Amino acid sequence: SSYVVFTSGAALQFLGFCYFLIDAKGIQRWALPAIIYGMNALAVFVLSGLVARLLNLIHIGDLSLKVWIYENLFASWASPMNASLAFAVTNILFWLGMMAILYYKRIFIKI
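Its first residue numbered 937, the sequence shown is counted upward by one per residue in the numbering used here.
Everything labelled a hint here was simulated from the structure, so no lab data went into it. These numbers were taken from a predicted model, which means no experiment stands behind them. Ideal Cβ placement from N, Cα and C applies to all residues, glycine included. Where hints are given, some of them may not hold.
Unchecked claim - Label-pair restraints from in silico Cβ distances:
| hint | residue 1 | residue 2 | range |
| --- | --- | --- | --- |
| 1 | Gly974 | Ser937 | 45 to 53 Å |
| 2 | Ile994 | Ala1036 | 37 to 45 Å |
| 3 | Leu1009 | Ala1036 | 19 to 27 Å |
| 4 | Ser1012 | Tyr955 | 42 to 50 Å |
| 5 | Asn992 | Arg1042 | 27 to 35 Å |
| 6 | Ala967 | Val940 | 21 to 29 Å |
| 7 | Leu951 | Ser984 | 22 to 30 Å |
| 8 | Ser937 | Arg1042 | 42 to 50 Å |
| 9 | Ile996 | Phe956 | 16 to 24 Å |
| 10 | Leu1009 | Leu986 | 14 to 22 Å |
| 11 | Arg965 | Trp1013 | 27 to 35 Å |
| 12 | Gly962 | Leu999 | 43 to 51 Å |
| 13 | Ala1036 | Gly962 | 20 to 28 Å |
| 14 | Leu983 | Tyr955 | 24 to 32 Å |
Let the sequences and hints guide you as you build the complete structure.
Printed below as a string of structure tokens:
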């Protein structure tokens, strides 16, 4: 379909832009979050899944810990869409921080 062709073209343009900046021009500083995630991709995949399950298993009253965190820290001050976005961005930044600790200590989990 035309959507597939369009998004494939956009992805290839973005890849070309990244190649130009990182490899051709040597500008790598902006890509550090992707490098940090990429060096421990398996760790963040497994650990984020385990923590997500754990947050659903622990309950505070009738609510799971995940729902409690969402309702008390995000939904209390933002609209549902913005609260969901803030929760997701916080989750991404949390795991970026965890993986940055491993990255700067030179701990890389490989198979």
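Taking the hints in turn, this is what the structure says about them:
Between Gly974 and Ser937 the C-beta distance comes to about 31 Å, which lies outside the given range of 45 to 53 Å. About 26 Å separates the C-beta atoms of Ile994 and Ala1036, a value inconsistent with the hinted range of 37 to 45 Å. Separation of Leu1009 from Ala1036 is about 22 Å and conforms to the stated range, judged on CB atoms against 19 to 27 Å. Taken as a hint, the range 42 to 50 Å holds for the pair Ser1012 and Tyr955, whose Cβ atoms sit roughly 44 Å apart.
Under the hint 27 to 35 Å, the C-beta atoms of Asn992 and Arg1042, about 33 Å apart, fit the expected range. Between Ala967 and Val940 the beta carbons are some 27 Å apart, a value that agrees with the proposed interval 21 to 29 Å. In this structure, Leu951 and Ser984 meet the distance hint of 22 to 30 Å, their C-beta atoms being roughly 25 Å apart. The given range of 42 to 50 Å is respected by Ser937 and Arg1042, whose C-beta atoms sit roughly 45 Å from each other.
For Ile996 and Phe956, the hinted distance range of 16 to 24 Å is not satisfied, since their beta carbons lie about 49 Å from each other. Distance hint for Leu1009 and Leu986: a CB-CB separation of about 21 Å, consistent with the stated range 14 to 22 Å. A C-beta distance of roughly 33 Å is found between Arg965 and Trp1013, which places it inside the suggested range of 27 to 35 Å. The hint said 43 to 51 Å for the Cβ distance between Gly962 and Leu999, and at roughly 50 Å that hint holds.
Between Ala1036 and Gly962 the beta carbons are some 22 Å apart, a value that agrees with the proposed interval 20 to 28 Å. Taking the beta carbon of each, Leu983 and Tyr955 are about 30 Å apart, inside 24 to 32 Å as hinted.
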